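Peer 1: Take a look at the letters that make up each chain.
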Amino acid sequence: MDFAPHTAEDQRQMMETVGIRSIAELFVDIPEKYQIKKLMELPPALSEQEVFALMKGIGSQNVIPPITLMGAGAYNHYIPAVVGHVLSRSEFYTAYTPYQAEISQGILQAIYEYQTMIAKLTGMQVANASMYDGASAMAEAAILAAKTLNRSKIIIVRSVHPEYRQVVGTYAWSNGYELVEVPYGKSGQLDREALIKAVDENTAAVLVQSPNFFGIIEDISLIESAVHAKGALLVSGFTDATSLGILKPAGAMGADFVVGEGQGFGNPMNYGGPYLGIFAATDKFLRKIPGRLAGATVDREGKRGFVLTLQTREQHIRRERATSNICSNEALCALAAAVYLVSLGKNLKKLAELNIQKTHYLKQKLAGLKGWEIVFPAPVYNEFIIKCPNPQKVNQKLKAEGIIGGYEVEKDYPKLKNTLLLCATEMLSKSDIDRVGSFVA
Amino acid sequence: MELIFEKSRAGRMSTGIPKSDVPEVAVDSIISKSLLRDDVDLPEVAEVDLIRHYTQLSKRNFGVDVGFYPLGSCTMKYNPKVNEDVARLPGFTSLHPYAPVEFSQGSLQLMYELRQYLSEIFGMADFALQPAAGAHGELTGVMVIKKYFDKRGEKRKHILIPDTAHGTNPASGALCGYQVVTVRSNAEGGVDIDHMRELMTENVAGLMLTNPNTLGLFERNIEKVAQIIHGKGGLLYCDGANANAFMGITKPGSLGFDVIQLNLHKTFSTPHGSGGPGSGPVGVGKNLVPYLPIPRVVKKEERYDWEYNCPDSIGRVRAFYGNFNVMVKAYTYIRSLGSHGLRRASEMAVLNANYVKGRLKDYYDLAYDRICMHECVFSGRRQARESGVHTSDIAKRLLDYGYHPPTIYFPLIVPEAIMIEPNETESKETLDAFCDTMITIAKEAKENPDMVKSAPLTTPVRRLDDVKAAREPDVCWPGRC
Numbered sequence: 081m082d083f084a085p086h087t088a089e090d091q092r093q094m095m096e097t098v099g100i101r102s103i104a105e106l107f108v109d110i111p112e113k114y115q116i117k118k119l120m121e122l123p124p125a126l127s128e129q130e131v132f133a134l135m136k137g138i139g140s141q142n143v144i145p146p147i148t149l150m151g152a153g154a155y156n157h158y159i160p161a162v163v164g165h166v167l168s169r170s171e172f173y174t175a176y177t178p179y180q181a182e183i184s185q186g187i188l189q190a191i192y193e194y195q196t197m198i199a200k201l202t203g204m205q206v207a208n209a210s211m212y213d214g215a216s217a218m219a220e221a222a223i224l225a226a227k228t229l230n231r232s233k234i235i236i237v238r239s240v241h242p243e244y245r246q247v248v249g250t251y252a253w254s255n256g257y258e259l260v261e262v263p264y265g266k267s268g269q270l271d272r273e274a275l276i277k278a279v280d281e282n283t284a285a286v287l288v289q290s291p292n293f294f295g296i297i298e299d300i301s302l303i304e305s306a307v308h309a310k311g312a313l314l315v316s317g318f319t320d321a322t323s324l325g326i327l328k329p330a331g332a333m334g335a336d337f338v339v340g341e342g343q344g345f346g347n348p349m350n351y352g353g354p355y356l357g358i359f360a361a362t363d364k365f366l367r368k369i370p371g372r373l374a375g376a377t378v379d380r381e382g383k384r385g386f387v388l389t390l391q392t393r394e395q396h397i398r399r400e401r402a403t404s405n406i407c408s409n410e411a412l413c414a415l416a417a418a419v420y421l422v423s424l425g426k427n428l429k430k431l432a433e434l435n436i437q438k439t440h441y442l443k444q445k446l447a448g449l450k451g452w453e454i455v456f457p458a459p460v461y462n463e464f465i466i467k468c469p470n471p472q473k474v475n476q477k478l479k480a481e482g483i484i485g486g487y488e489v490e491k492d493y494p495k496l497k498n499t500l501l502l503c504a505t506e507m508l509s510k511s512d513i514d515r516v517g518s519f520v521a
Numbered sequence: 299m300e301l302i303f304e305k306s307r308a309g310r311m312s313t314g315i316p317k318s319d320v321p322e323v324a325v326d327s328i329i330s331k332s333l334l335r336d337d338v339d340l341p342e343v344a345e346v347d348l349i350r351h352y353t354q355l356s357k358r359n360f361g362v363d364v365g366f367y368p369l370g371s372c373t374m375k376y377n378p379k380v381n382e383d384v385a386r387l388p389g390f391t392s393l394h395p396y397a398p399v400e401f402s403q404g405s406l407q408l409m410y411e412l413r414q415y416l417s418e419i420f421g422m423a424d425f426a427l428q429p430a431a432g433a434h435g436e437l438t439g440v441m442v443i444k445k446y447f448d449k450r451g452e453k454r455k456h457i458l459i460p461d462t463a464h465g466t467n468p469a470s471g472a473l474c475g476y477q478v479v480t481v482r483s484n485a486e487g488g489v490d491i492d493h494m495r496e497l498m499t500e501n502v503a504g505l506m507l508t509n510p511n512t513l514g515l516f517e518r519n520i521e522k523v524a525q526i527i528h529g530k531g532g533l534l535y536c537d538g539a540n541a542n543a544f545m546g547i548t549k550p551g552s553l554g555f556d557v558i559q560l561n562l563h564k565t566f567s568t569p570h571g572s573g574g575p576g577s578g579p580v581g582v583g584k585n586l587v588p589y590l591p592i593p594r595v596v597k598k599e600e601r602y603d604w605e606y607n608c609p610d611s612i613g614r615v616r617a618f619y620g621n622f623n624v625m626v627k628a629y630t631y632i633r634s635l636g637s638h639g640l641r642r643a644s645e646m647a648v649l650n651a652n653y654v655k656g657r658l659k660d661y662y663d664l665a666y667d668r669i670c671m672h673e674c675v676f677s678g679r680r681q682a683r684e685s686g687v688h689t690s691d692i693a694k695r696l697l698d699y700g701y702h703p704p705t706i707y708f709p710l711i712v713p714e715a716i717m718i719e720p721n722e723t724e725s726k727e728t729l730d731a732f733c734d735t736m737i738t739i740a741k742e743a744k745e746n747p748d749m750v751k752s753a754p755l756t757t758p759v760r761r762l763d764d765v766k767a768a769r770e771p772d773v774c775w776p777g778r779c
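In the order they appear, the protein sequences are chains X and D. Throughout, my numbering is defined as the position within the first sequence, counted from one, plus 80. Throughout, my numbering is defined as the position within the second sequence, counted from one, plus 298.
Think of the hints as simulated: they come from the structure by calculation, not from any bench. Misleading hints may appear alongside valid ones.
What the hints assert, rightly or not - Computed from the model, here is a short list of chain X residues facing chain D with C-beta under 7 Å:
1) I110
2) S140
3) N142
4) A154
5) T250
6) S254
7) I297
8) G325
9) L428
10) K430
11) M507
12) S509
Said to hold, decoys possible - In silico lysine-lysine, DSBU-like type, Cα no more than 30 Å apart, as pairs:
13) K368/X to K766/D
14) K368/X to K317/D
15) K659/D to K426/X
Note that the structure is predicted; figures quoted are calculated from it, not measured. Think of the CB as a built atom: it goes at the ideal place given N, C-alpha and C, for glycine as much as any other residue.
Excised from the complex, chain D in its bound form (with noise of 0.2 Å):
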């Protein structure tokens, strides 16, 4: 498909500007031309070559609202289309982040009271909406542990992470100056206990734990990891991405967490946006609710109002309060379904799991075989030894059928992994003709594994090399700006 760049003709014009209504002055009278540009060098297309151009783009993308999406670890549940026409309302898009207190008490309102659920939810003391997304979430996060030790004059070195983690969490630990020790994993797929002690030392500041991990496990010794981690002194962070798998069902603040990052983009319904923007609140438990970032929301008497005096905070990790817009559609998701709703979310979330567990463990190698909560991780290395075919083939076979395909080749512990989320809001149905895709692919991958290899043969473009794409970068046109 054409470049917008390349459809464009000297002359053509979408939006004009209005004339200027208050007196003109030459603005090389106002600024000195050598600090002035000469030209714009845009695009010139008409609007209805604008629209065509995005609509075709657009259909060229794939979406939850298109088909089923079941990328582990991403959540892609059906985002509600009330949510998108309430965060659309003028009361919620059109304020300035400055507004005087007096004009702003909605918006206040609302993150004060999402702030309430989310503790409530989760068993935290207090929760931080600045963290624009879950890696913000969770550097923050880190920076709260870091600031906790600070203020205590103890200077730890080590953070613990288990093999399982996401890349992030070593980024993140690395970021505010730790060095990451890897916690390797049990049979079960759980961390192994034993070289958990050996770890925590005095001089660790503590674990960063992805719960349920993931192998979409639920950490069977969280009690004895807790007391190992306090028992030296140090913080347990939970990295809440998975959280849709015990919403009502268990609090991390109760099972001894510290910290918790979550990902409002996925636990709480808000579209992903193609890859942002997301929204990823810190909570922590009530000795840690000094460090968490400034501004804070606080309420006296009947009103709302911000707080910039807390000495002891991290400071800011964004300008002004976080992404604002997508907090309103997580608002609005939770009082759609109240706590009954979100419990029944998690159940349904962890029975779809299991439920395509079951269908397909005759077809391919489960990881772990044990019931596992909202996702589950297969190995393709049945089909890579018998016929060659690899779980990146049956990701792009999937691609012909009409499917997102799962996260492949992650966690980076299983080989061939594929590791499917299916979600509460897809149906028997679609997860049936989901399992019976999945054993075509399994057979087609013995009857004829070049055809899946050269899969997919019906979407806008074939394979693409990636190998070419880092060797060569063009990432601006025409080649080089």
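Isolated chain X, as found in the complex (with noise of 0.2 Å):
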């Protein structure tokens, strides 16, 4: 089947119109030896019908689990009904990036509350309307702060999630800047004397995530001044988005930008995207944050109004001048976020906190089994790293009853021998991680 509803009178009709007696010579400028002789290799094509049925064939070949213990930079939230059906409102999904202002005002406010709430939320004057992900985010501020700064050192702190380092090494290495890691000190929390150390005047950024990889909170203002004195700028980053509802923002510790991962807004694990990059500063980067921005205007008559705002920033405008050459966002995702923001208004503080409760149940009860420790007892949020007997053994019997087990830290971090990172939102329930404890024991 195709989706084009051209009969063959409308293509006669055209083509006489065009001039043409066949549609191979619609492709005329294509060297006739580079044309395709024969169809490509594809299978064959599928009514709506067959084409659901073998879709829905390939999603049952995965196992979705009844619970999951995973968090590692994608968390399982619930996700309030209305996300769903805004998000299905194809006046959104079916619209192109909001360059016709007139007819875009549902999507340019949408933003603007969007931004409004994360400036908010992270504690910082701008948000931007938001990027492809968290570790991406995460880079785009590293590389903006190099060539803001015209530096071309980025310190990043083992804690820091070991694929948003991995990006923000690509992204380092793409453009010629050297990127440090520091370790983390004994307690898993930052450890200021390593930074000191190594922060210089050639170093543009140091990034840090709160809660870190190992779900520690961090107390950045002890780094802050550290940074700042060397002239530097400090990111901040996280990975579950629920923690803002509760957590100090980084933004009231000193941070230049605050950039994390904004699925836990509303959007599914999906298996791993589409995300939302986060992205906040303070005003002074106002005209350098990459990425979009929807600002308020007034129209002729003097009715408030909403467009794509400070665009000389932009690569379409720049081009080899600009910082990014991001050139769209993710949307869709932001606009879950902000409905998702909208929905628990409040209550996204409870929601926190009740991450909170079930993972210091779910720590209590695996610390009190035999030969099962907890590696930091620094606060967390909703992850704990703990040491058990065989960490590997544990992820399979709990995959042998269709659960997802938790990260197996030793791979990204030798030291941390025989540990797992687990994860409790509100997702589970008393029973199931009464379930896991016995499961495990």
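Join the two chains into one complex using the hints; note that each chain is given alone, in its own frame.
Peer 2: Take a look at the structure:
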């Protein structure tokens, strides 16, 4: 099947207007010898009913577990019904980037509202319309810092998500910057001394994460002055946006950029994407931040309206002088995040509290098992690292019950032998946790 | 329209939170108060207020489902509904990216096969699906080129980009440390071969070519272009944003392209979502496969798995594996159309563009009068000269007639450019009605230029003050956070 509505008669009339006698004449500019003579080797076309059955079959090859103990950058949160209903309005999902503001007020206003909520939650003055994901948002902040300060060293703490460190590494390499990893402290928290030693006059940015990859809540105010004393910029990341509901915003603790993964706000896990990168900054960077920005203005009659603004920052005007090549956002994911935040409102704090309660319970439960031990006693949000006799075996056991177990930390942190990173969100009930406890015991 | 913040009333709420079923502990006994926030400043509205707010907003938005959307270079084709339904199946939405591979065989199979299909359609050795958008794929593609030369121990400093290129091309080149050198276009809208030959040295990494280019024209001299670039050891990059023009007609791989980025949200009919999520796979020739991002899906006996051990890879460009749920839609689209359907999509897209060109060429100046591919580019210079009505005015007037305007003022080398991409999913009646409207506007421009200049007259807001928006930035309510 295809979706072209042309009848044979339409085609005949249109060819006459164009002045051709065969469709082949439309492709005269493609050298004959490079034209495909036979059909591409693809599976045969399917009707809607057939394709739906096929896709249902492929989807059912995936096993959707009743219990997920995995976090590590993607989080199983409840998505209120309103989110899906708003997102299925095709006026939103079948539109392009809002270049024609007069007929795009819907998404422009929604993005303006999103930017406002994100700025408030992160404690920053400006938030953009979103980026590809948390990792690339962190990389963009690092590159912007290096280009703005004309410095070539980027420092990242090893307690930042391993994949985020890899993405920053790729971006740094392509731009010719040096990425330096500094260790975390014995407690799993920031090692202030190691950081101070590493930051110098050529350091553009220091990248940290809170809660960090081990789930630990960092006090970035302890390093803020040391970073700024050398003229470097502080980038604070996060991987579960719901933590913003209860933790002191990084903006209030001296961060210049707050970046992170917004998936936790109303977006399904989707086997890794699409998600949205949250990017917020102090107003000093208003005219420099990458990505789209929606701004309020007025129309000819003085009525409030919204446009994409400050586009002179962007690649289609600055071309090779641009600090980023991004020319879209994850608008629909940002819309989901906005609807989610409006839907929860002040209850976002209660939701975050519930994550803390469930995590505390899971932690207590497992720490009481023989041979199990909490690695870092520092306070956590909804993830923690625990040492256990045989992490692979534990995960195998859970898998046999259809449960997704924890992240095996040792492959990224050889020193953290026999450890699992476990996550408990509001989706785990007490009986789920009790069951997990009995399975692994 | 009021902002959601202006509708907020203290004490209202929409979604409640379940009571804790585990023994509660005081949060500040676990986490020090100095690390906690006092309150969250978010709107307080009832569910009905929320739904009405966003429903009203949606009515102030224009999508492909609302009407004709001939936005050039953006391929705003109709997005089949079955793709949406399929992508919402829990099997695709609910799985954690670190689920064990035993749990994710369906997702892995889909990605593995999508790569195979794209390789076959475009004649490349392999594709990487990780980039999240076209521009992201482009950046990834140039990184692959950079890695290729790094591994060969060559330090090439420049990259060639024609003057018709998308603005992302020079930005992507520069973000990989290349100095961008612009190649001129010739009189027929193609690459100026002599100029390119002059610029192409062993210090140049390659050429980034959009083909068909932003004038909607296929590069007739593609064979010569490839010879010159490859002759000096360079690589040929294809910006595949316009791939809707040639599916099943020709393969970039056989034309000599070493790298191509696609936009699944254009060619493969995944909806644009008001600006994302998209998906920008990168395809490469055999010699560049080792440099593609990690991880990669591999098939070992009848089982799929992730392969992380690719020592020459550029690394990662984002966390996890890419915009998986977008890939589900593109995969469904390919399986629905099959090879014949994809070819017919390109044929009808090109026929539609040439039909619009044929119907409008007496009323607007054509940038280049030759057979075009999936889009045609006019200039509004006649209207500007004769009646002071500019392309932006024509675009705004189209809003009053219920159309999304074409891309305007691009490509930059065409003054007052109007770039129309009608797409294969539009019927002759739709095109006729649009062309009639364009002809009416050309007439209005002559007879009543002031009215055209004051358009739009019927939209929820009139023309907006962009200058004020940029001079007094207000990107956060109430003006500053």
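Peer 1: If a hint holds in the structure, say so; if it doesn't, say that too.
Peer 2: Status of the hints after comparison with the structure:
no.	hint	result
1	I110	holds, 5 Å
2	S140	holds, 6 Å
3	N142	holds, 4 Å
4	A154	holds, 5 Å
5	T250	holds, 4 Å
6	S254	holds, 5 Å
7	I297	holds, 5 Å
8	G325	holds, 6 Å
9	L428	holds, 5 Å
10	K430	holds, 4 Å
11	M507	violated, 10 Å
12	S509	holds, 6 Å
13	K368/X to K766/D	holds, 18 Å
14	K368/X to K317/D	violated, 44 Å
15	K659/D to K426/X	violated, 58 Å
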